[in-house]
Amino acid sequence: MTSATSTPVVRSASGRRRTGSIAWHVGALAVLAVVLYPVIWVLGASFKPSKDIIASIDLLPAKPVWANFSGLADGISGISISTFFLNSLTYAGLAVVGVVISSSLTAYAFAKIGFAGRNLLFTLMIGTLLLPYHVLLIPQYVMFRKLELVDTMVPLVAGKFLATEAFFVFLMVQFMRGLPRELDEAARLDGCGHFRTYWSIVLPLTRPALITSAIFTFINAWNDFMGPLIYLNTPDKYTVSLGLMMFRDQEGISNYGSMIAMSLVALVPVIAFFMAFQRYLIDGMATSGLK
Amino acid sequence: MTLVKEAPARPAKKRSAAPAAGRRGRRRENIAGYLFMSPWIAGFLVLTAGPMIASLYYAFTRYNLFTPPEWVGLDNFTTMFQDPRWQKSVEVTLKYVVVATPLKLLLALGVALLLAQKRSGQGLYRAAFYMPSLIGASVSVGFVWRALFSDDAIVDRTQKVFGLDVGGWIGNPDYVLYALVALSIWQFGAPMVIFLAGLKQVPQELYEAAEMDGAGPLRRFWNITLPMISPVLFFNVLLESIHAFQVFGSAYVVSNTQCGPADATLVYTCYLYQKGFKEAQMGFASAMAWTLVVAVALVTAVLFWSQKKWVHYEEAAK
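Line by line, the protein sequences give chains Z and X. Reminder that position 205 of the first sequence reads as 205 in UniProt numbering, one-by-one numbering, no gaps. Reminder that position 138 of the second sequence reads as 138 in UniProt numbering, one-by-one numbering, no gaps.
One chain only, chain X, in its complex shape (with noise of 0.2 Å):
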């Protein structure tokens, strides 16, 4: 994986451990070592793997909390695979996946393309556009959201110039999920950002080189910028593509709590909410929470074994 940089651990380790001798210092390291962690492998024990462990079990119970859970074998599995709302959980959250992840790093690139060329008034830009990442996830901008998409508010005044009549998009099944869409689009900053510290990495020389060979603009960026930068591309797909998967605080707020109308904007962990905190069906959430990982980890998986054939990384650089 590209983030995780060879661990320079092994000289440095001999080299400290001299003064104490041999196995005495080691000792010491290992001591120091898991000390130092402590917070961490505590933390990873109590909050995420018993955690993991409990709820693997509880996907195979029945648990309202009040009673003891009770094993009913593939039972939650059975039931969630016929539940009409569950397949409608999975369509409209593969529909916002599939559809906001590309087009936010679509436009993610452009703009680092765009703030990649010197210019004046580069910084400011650049800091405008990735405000929208850390505000985005609040209930105001929810609100604001729900604002803007509403009957009869900006949107769907432009939309009646060009002819377009859908009474806004947040009463209406068909656009609502598309208002969640812009909402993540409108968050391109983070990936931008990550973007931009990819294309300037890019060496120089092979720009020049390039146009000397008579290569134009788009040549350039095909045979050029995008094998250069496709490692980050890489972490952007892997990254933006499973917070999709996650998505819910918009989806609740935008939509009224309700995640509709009509089950229109039920993301995944909507419905995993409802059935877990709204009717006390821990099982059949736990239950779902195993599908999602499940699902994170082929589509994590697929990205992985992919990455062979377009990442491209420069072997035995530097």
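The shape of chain Z in the complex, shown without the other chains (with noise of 0.2 Å):
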């Protein structure tokens, strides 16, 4: 990606541009306050009194209570909330495994072994990207159900580890088709097969792209929603998601407060993970538009 080096229109009064500087702030700023808006109140929100949370407009509590938090101690008809997150972590951190695994196999063989019907494969799957993943939501769902497998985790993480994530390969494709070919050819001329370039050379430098595969990974199967809603039966399976509904079925408005508060900390994981490696994920979001 190359940066412009040149500024684009300097004008010759100071005071114009300092004008130019500030409108643009100004804009900045209130397209800032929209966007961090449910955010911030979600964070006062879980504060209030479950009495107040709609009805006070104020960003912050007037007092700000501890008991939306300590009432999650209880947990949500008698399972504690750390299940949920047990399973919601387990779920995203072998959804990560599998995908930094399958992908990148799967992506090295597209990128850098020429062997027959690469381009059409890699058509295919490309085109597995734009395919609506309903109508493999049924024949899959009765497949597992028929093998047994419903009300496990494998459903939810087979096709993390057979690279069914089309993205991640692509981003990875690209990311090593980007590098010089003089170091895998180098490597091959010295003996080494494919199975050592690949482990070696290539994927330590694919690094940031297995980064970027991964945090998206364990962000999508944090949030994912769908999968466990179908998937998932028995209520100490959950993850956080579903038990987040099961906490607005059980307890409704009355409970207001602690649903906002476990919606807050639903959103912790995803949030720090966000400000640790924002820019990992721009620029991955921003590579997959390009080229």
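One or more hints might be untrue.
To be verified - Using 27 Å as the maximum straight-line C-alpha spacing, the simulated DSS-like pairs for lysine-lysine come out as follows:
1) 146(Z) <-> 278(X)
2) 309(X) <-> 95(X)
3) 237(Z) <-> 278(X)
Think of the hints as simulated: they come from the structure by calculation, not from any bench.
Hints in hand, dock the two standalone chains.
Laid out in structure tokens, this is it:
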């Protein structure tokens, strides 16, 4: 990516430049206020008494209360909150391992091995990016039911270990193609087989793409709703998303405070990951639109 | 397609195969290639191609999971097309796609243009605007949306200031879909980042030359920026509209699992879910899924066809 080196329009009068700069920040801050409002709202609301949450339009509570969070300790209809978090962590962790291994192997084949039929398969893989997931939903469900794997993690993570997330394969292919060809060719000439080249040369250099894919996968699995909704039936196997839905069903409006508090807690891992890795995520997203 | 870079394959293959000489080397490359790809090939066969064939078959059957599928020909499709709730779900989905996609992209482009200017704090803004794209799909944000758009909450109160009283968008069949549209637009960060990357690739000389020719900002935008980022615009239009067709989670959560009131947020996949997983009508749901595939394929085809007219690719650049 080449960033522009020359500044576009430099006005002669510095006063006018300053007005432009102020106008720019006012515009950007206005968008920022709207964008961050819901996030700040949920932060403030989690410290408000239940009855005030909808009714009070103040962002911050008049008198912060801890009751919403201490209410979480009771869990949801007998199930501890930590169970949901552990389930979500297991799902997301397995998904990350699966995507990183299977997608990088597949991407290496597409980017670095000249096998027959490669272009056709690559087109097929890109095609799956555009395929509505819903056409696979029912037969996959039927299949996993017949295999008696419903109500386990397997249907949720199987696809991750089989490189079905074309976006990540694509991301890694793009990245591997950008590596200097001399490197892996030299390795080959030195007698490295493909696996050695993949493991010792290409994989370490692909680290940014791997991290991007890992973080995206983690966040997607953490947020996933439809998968757990369809495949998980027993409450103590529920992920955080389903736990939240159950919370709403059981407690309803009476315990709105704890529901909002748990919503906030459920967002924490995603926001933390985002803050730590936002560079990777944004660059990864940007790459998908180019080339 | 823009995103498929021409594979620089052949010469590399020949050279790396050279020591092994000829046919044997090529065969070894093929074996290695397919070995490395085996997870994807297995996944494609078992989780994509196989299920597609199965669902095509189910679409012509009556199937409730408990008794074997029973062939009924086109029955599912004829029932579907006459089903008022199916028609409603098509209407709701089209409305959602047509309203949400352009607004989201317009905002994304607007903000990208803003951020393309070099100012302090740019990276911070970019990160903050991108965040909703990551958390927007969560149930948590669905709940927050319910709260923000319910009766007497912030949106309702703001409206009342302007003399509009609809009693909250969530409970109002005329408005609730727009709460979902708002949630979609709020996630403008992902297309924005792609626009921004596209804007950075526009050669600055073009602007300088145009300015010397006396072109104003609007003209520069129309005659330089827009054509230069049209491949990226195409990519965003394609991806965002396809995603919009498949919206589910937000409709399900925001409208309290009923996709209502009065089926007002009965998006296509919500009805598909109800038919398949609540009523165990797997045949009907499969027919719905295939209709969606055809619809999405049509939209994709039309977009690809139209790109000749408005997408500008730099021929033989570099």
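For the pair supplied as a hint, residue 309(X) and residue 95(X), confirm whether the alpha-carbon distance does not exceed 27 Å. OK: residue 309(X) and residue 95(X) at ~25 Å, within 27 Å.
Taking only the CA atoms, is the gap from residue 237(Z) to residue 278(X) under or equal to 27 Å? holds, 20 Å
Taking 27 Å as the top limit, are the C-alpha atoms of residue 146(Z) and residue 278(X) close enough? Cα-Cα ~19 Å, so holds.
Figure legend: structure checked against the earlier numbered hints; every hint is met.
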